[in-house]
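Residue numbers (the numbering used here), protein chains in the order written: chain A, 1 to 356; chain B, 1 to 356; chain C, 1 to 356; chain D, 1 to 356.
None of these hints come from the bench; they were simulated from the model.
Some hints could be false.
Derived DSBU-like pairs (lysine-lysine); straight-line CA-CA distance at most 30 Å [what the hints assert, rightly or not]:
#1 D:Lys197 to D:Lys75
#2 D:Lys321 to C:Lys269
#3 C:Lys321 to A:Lys269
#4 B:Lys269 to A:Lys321
#5 B:Lys197 to B:Lys54
#6 B:Lys197 to A:Lys269
#7 B:Lys100 to B:Lys197
#8 C:Lys54 to B:Lys321
#9 B:Lys75 to D:Lys269
#10 C:Lys321 to D:Lys269
#11 B:Lys269 to A:Lys269
#12 D:Lys321 to A:Lys75
#13 D:Lys269 to C:Lys100
#14 D:Lys186 to D:Lys197
#15 A:Lys75 to D:Lys75
#16 A:Lys100 to A:Lys197
#17 C:Lys197 to C:Lys186
#18 C:Lys186 to A:Lys75
#19 C:Lys269 to D:Lys197
#20 C:Lys269 to C:Lys54
#21 D:Lys75 to A:Lys321
#22 B:Lys269 to D:Lys75
#23 C:Lys75 to C:Lys186
#24 B:Lys75 to C:Lys321
#25 A:Lys321 to A:Lys54
#26 B:Lys269 to B:Lys100
#27 B:Lys269 to A:Lys100
#28 C:Lys321 to B:Lys100
#29 B:Lys197 to B:Lys321
#30 B:Lys75 to C:Lys100
Protein chains: 4
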Amino acid sequence: MSMNTFGRVFRFTTWGESHGPALGAVVDGCPPGLLLDESVIQPFLDARRPGTSKFTTQRNEPDQVRILSGVFEGKTTGTPISLMIENTDQRSKDYGEIAKAYRPGHADYAYDAKYGHRDYRGGGRSSARETAARVAAGAVARLVIPEVRVRAWVEQIGDAAIDYARFDEAEIANNPFFCPDAVAAKEWERIVDEARKAGSSIGAVVTCEATGVPAGWGAPIYAKLDADLASAMMGINAVKGVEIGDGFAAATNNGEGNADPMRPGADGKPQFLANHAGGIAGGISTGQPVRCRVAFKPTSSILTPVESINSAGEATDVRTKGRHDPCVGIRGVPVVEAMMALVLADHKMLHRAQVG
Amino acid sequence: MSMNTFGRVFRFTTWGESHGPALGAVVDGCPPGLLLDESVIQPFLDARRPGTSKFTTQRNEPDQVRILSGVFEGKTTGTPISLMIENTDQRSKDYGEIAKAYRPGHADYAYDAKYGHRDYRGGGRSSARETAARVAAGAVARLVIPEVRVRAWVEQIGDAAIDYARFDEAEIANNPFFCPDAVAAKEWERIVDEARKAGSSIGAVVTCEATGVPAGWGAPIYAKLDADLASAMMGINAVKGVEIGDGFAAATNNGEGNADPMRPGADGKPQFLANHAGGIAGGISTGQPVRCRVAFKPTSSILTPVESINSAGEATDVRTKGRHDPCVGIRGVPVVEAMMALVLADHKMLHRAQVG
Amino acid sequence: MSMNTFGRVFRFTTWGESHGPALGAVVDGCPPGLLLDESVIQPFLDARRPGTSKFTTQRNEPDQVRILSGVFEGKTTGTPISLMIENTDQRSKDYGEIAKAYRPGHADYAYDAKYGHRDYRGGGRSSARETAARVAAGAVARLVIPEVRVRAWVEQIGDAAIDYARFDEAEIANNPFFCPDAVAAKEWERIVDEARKAGSSIGAVVTCEATGVPAGWGAPIYAKLDADLASAMMGINAVKGVEIGDGFAAATNNGEGNADPMRPGADGKPQFLANHAGGIAGGISTGQPVRCRVAFKPTSSILTPVESINSAGEATDVRTKGRHDPCVGIRGVPVVEAMMALVLADHKMLHRAQVG
Amino acid sequence: MSMNTFGRVFRFTTWGESHGPALGAVVDGCPPGLLLDESVIQPFLDARRPGTSKFTTQRNEPDQVRILSGVFEGKTTGTPISLMIENTDQRSKDYGEIAKAYRPGHADYAYDAKYGHRDYRGGGRSSARETAARVAAGAVARLVIPEVRVRAWVEQIGDAAIDYARFDEAEIANNPFFCPDAVAAKEWERIVDEARKAGSSIGAVVTCEATGVPAGWGAPIYAKLDADLASAMMGINAVKGVEIGDGFAAATNNGEGNADPMRPGADGKPQFLANHAGGIAGGISTGQPVRCRVAFKPTSSILTPVESINSAGEATDVRTKGRHDPCVGIRGVPVVEAMMALVLADHKMLHRAQVG
């Protein structure tokens, strides 16, 4: 069932295919009176924009956003904000070959099994271009949570992880990998370039941290802050795993090792001595940084032929030519940030609804 | 914001605290005409029931379910099914000591920060007893998807993982750990018993597999099958990580290594040569087994004193006496199965709604 | 599709059949810290309770509510509040005759057409007993909106309307009809008694007014306050029409006649010179009393035989013996009040979510 | 709380202000494989289009719809369908005078009370132009329910009702009033013209009937077919009342008079001898025509000065110059039809979800 709306009170609905005329998002439930024009959103889209280095897809899209509603005299009105981004660089001919063949790892076969009909150009609705709409919506969400700072980075590409001893936030904007470790960034140049030249692809891990989240956002059951983050992150194209705090490492720990002891803090709030929990306990924020890790698989679009079948059920080999990201995790960084902001904005408003 | 309903068309709402008179679930949207009485549900509750071995909490709850509505002459009517389980073995006095102190790793502090008021007895709403209601609801969900077989097992406790070369499904019911590897089960006896005797606790990983899911359940965006599974699993008490298919391992792989090649199958459906994707591509089931891994942290209830604060903001040391599971992941197995069944039932019905 | 949950952030889910062991409601999203015990709810149930006069059904139900969760030390905790009412006076034998025959005007035929299976005892899920659960939930909703006063009354039974010149609110509790006009109440005694003795039934109109609603609750589109009220009221058993403010009379008016002029008020708020709009403009409350009228049809359960068919499709005559209200609109008064309170509580919280 | 999405599984989200660059709808959950292009939608928009006679607003909008997503090779893909209509004839200067004054009967004051900020040009989000988006979405909904025929007409303008003895469906398209009675249409010319010339306005009643709805759509509680219709209709601008079947007339009837007797029908289905219920019993369709009546108030935009206040709280007189419909109910006909189609499409899919 197509369900292109995300969120409970701060909600957004996205639409658009890779090779249609445009794509967009309708942001609903936004508080009134927030200062908003296109220039507030554009920088986030620019960060996600393809074609900015040889390490991302060479599709060239300006990704200029237009605000079509919900803003008057420079401020949000509280009514739905329609955001539209036109597609300009569509080369549908690149996809002719795979119109009938199912690309392994892509949703092609699953789509046809579900709908019996699909827009095969560039992955249609499953294209990573859809994430531009989320990034635009996320820029609006950030206005709702000015007390929160959201930042993400690539932590690992393939087997090569950063060294947190060299973590330098300023470095993130200095390289095409959103990498906070200048040494690792150098190594990634080589790794991603090799994958690109080989017509292959490579996976990555993105880490996201939100600081400034007060204690008390979230819910004990089902609409837990961590459950909603898990849904938000797992819903990003190519994501296969989500961890909150220590994640799978917590499974190998014991109760003492995993405890986050508290002491009376100077400001009346507790001072935590560790953050194994990733800032969330029992589904509710604790006031510590909210932290999650997100695993991106290598894009399935590779030049190496892979055994597959076509829509007639016959054997065929598939190579995906087109223009693709050798490592989709990289451009996942602004998307992960956007989803974090969107979930937090929703939970801030939900908390306010119940508790006032 | 309290949101105790899960699901989109097949929905359930749970209620109840650890030390209240009862807990329950209201299952709504269930198809009519399914054969249902208490005996259909009870075996799943018995599998989750505490007090069955020394490796789980010694709280002794019969967990007898009563069906209060929605069933007539042995069949579901299509109207809401109210399931109730009475609490019988509540020892509130055990919790007096922690009424004012915040147990590190628990939701105590976050609850007070949110609501300013909480039922501290046994964790109140955050008690793992809430999962009994989900298990009961999950038993109803299984009736909606008779074509699907859902099974889960513990794959790892602390650092000790099973050897899949020794995987024997029949073994799962033969030991108190839901362990499919008889050799690992022996080792876990020692590990869990040591944790128990030390007043400590230990984490675990649960794996769940659903076979028989046809291709086509799920959605391209937001209501993705994998996103809903991630939400369902991350919403279980003590869970800190969720993977679909290869999960974080996919992040270290390349496109060739992560491909799931297809060949024409004997039955007209594709024969997949691998299942790195865990049975889900682009948010939609592929017809392969749907597989996920779930990380449980060690329970935070330990006898070792941990630095903490009380509700007045003063320093205190907290030991959690009560009766607790040394490894909550173990009893997580029936809960993980229930959540898988609940998500799949919902998506089967959603798919039918859209596609007929 | 069975959808037994109502509301957006303040939500309740009801369950239970007329002749099952119990019925109930789970109230979710309630703010924490509200003073609540059974005695807060019981008076509203007592007002709706059957068997209190010869003008209502003779089924004798104490309708004692039990709170099973969500309250600790006399205050709401913010977690789901489970309310249960046991059924005690069920005479299933009364219904044997109509197990196979479809009662005209009842949902019998529609149920079978939908579900192929129904609990025919007392109307099963369609029994007006379900409204007891709403009344209980409504009592909780009132705690959320202490600034609002909700009251309803019967305005008309059959053709006999009250005279608003004789409107006396104190009178409402003085007669078995919730009638604010002592003269009309006398006439209704005769009308309803005649209907009862004839084994017939009679329709009624209920008016509900909420004062103290501040300007600003509601939404411009879809989640309009008036649209949600319309849904809430039309969802009550036997209701066939809903009006906000002047309702259908506005259709016969012109712009001048229908205007609600404003003057500067003493308190800085506008002083309205009329309330044709019923306190809602553009889906949003104006600060005037919110007022709606609700039409109840005569109950379809009558002793006069009516032509019908049975489940085999054969002709039959149906008389509905059982014990029925000769005028269901009367006991609709507490239900209408409850639905008004539930909608307003939800919108207060929604407004707070968006605007703070 | 802004909530611009309507529906449960077949959903649409609208956006856009009267004087913004465009408005639109995103239709989500639509089944795949339906034949759709702009020409399928345009005729419904043309029927609602302003400026087609002197009896409607003189604003001249071509209301050309563009499909931006969700359709490939002429068929729906099952993914969100983005529909956009550009605004071309905006004369913002007309509204300068009322930027600060609250027009009585409009949402101006309520908007400011809620949001503290509003787009006052042409009513902003509360403009009847929003209904163009619904009409476009409704055209898509009709594709989902080919078995159903939806038609609406104006039944009454001011006090002048049609005579059903002269009902001629073919007549509806022959006059500018959607009037099925040629005699009444003549009278309405005079009535509406007088109102127009006087700078006044007049109310109307629209009736809508859907034939071909099978028995079984809807739900016993809350998601009742009639409750959803009531919400849908009351959510249309200027609507103040909704009736299903006999509506308020049922309140004056007795059980015998209100019964819809059944006989065995030729086709195995019941033959109903009356339709007081308007095709819905217990919230579920009976197989009879689904019928509702909708009351439109006279538009509040009149040239006669009305006492009011401005945003500073000072007294002022307001005349609404602009270009307005003297009788908004007339152009409500295509909107009522659209909402009926949208509700029915949703319920068809919901029924399929639960019952298969």
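Now the hints, each set against the structure:
| no. | hint | verdict |
| --- | --- | --- |
| 1 | D:Lys197 to D:Lys75 | violated, 47 Å |
| 2 | D:Lys321 to C:Lys269 | holds, 26 Å |
| 3 | C:Lys321 to A:Lys269 | violated, 66 Å |
| 4 | B:Lys269 to A:Lys321 | holds, 26 Å |
| 5 | B:Lys197 to B:Lys54 | holds, 10 Å |
| 6 | B:Lys197 to A:Lys269 | violated, 34 Å |
| 7 | B:Lys100 to B:Lys197 | holds, 27 Å |
| 8 | C:Lys54 to B:Lys321 | violated, 59 Å |
| 9 | B:Lys75 to D:Lys269 | holds, 25 Å |
| 10 | C:Lys321 to D:Lys269 | holds, 26 Å |
| 11 | B:Lys269 to A:Lys269 | violated, 59 Å |
| 12 | D:Lys321 to A:Lys75 | holds, 27 Å |
| 13 | D:Lys269 to C:Lys100 | holds, 15 Å |
| 14 | D:Lys186 to D:Lys197 | holds, 17 Å |
| 15 | A:Lys75 to D:Lys75 | violated, 39 Å |
| 16 | A:Lys100 to A:Lys197 | holds, 27 Å |
| 17 | C:Lys197 to C:Lys186 | holds, 17 Å |
| 18 | C:Lys186 to A:Lys75 | violated, 59 Å |
| 19 | C:Lys269 to D:Lys197 | violated, 34 Å |
| 20 | C:Lys269 to C:Lys54 | violated, 47 Å |
| 21 | D:Lys75 to A:Lys321 | holds, 27 Å |
| 22 | B:Lys269 to D:Lys75 | holds, 25 Å |
| 23 | C:Lys75 to C:Lys186 | violated, 43 Å |
| 24 | B:Lys75 to C:Lys321 | holds, 27 Å |
| 25 | A:Lys321 to A:Lys54 | holds, 16 Å |
| 26 | B:Lys269 to B:Lys100 | violated, 60 Å |
| 27 | B:Lys269 to A:Lys100 | holds, 15 Å |
| 28 | C:Lys321 to B:Lys100 | violated, 59 Å |
| 29 | B:Lys197 to B:Lys321 | holds, 13 Å |
| 30 | B:Lys75 to C:Lys100 | holds, 17 Å |
Comparing the model with each numbered hint stated earlier shows that hints 1, 3, 6, 8, 11, 15, 18, 19, 20, 23, 26 and 28 do not hold.
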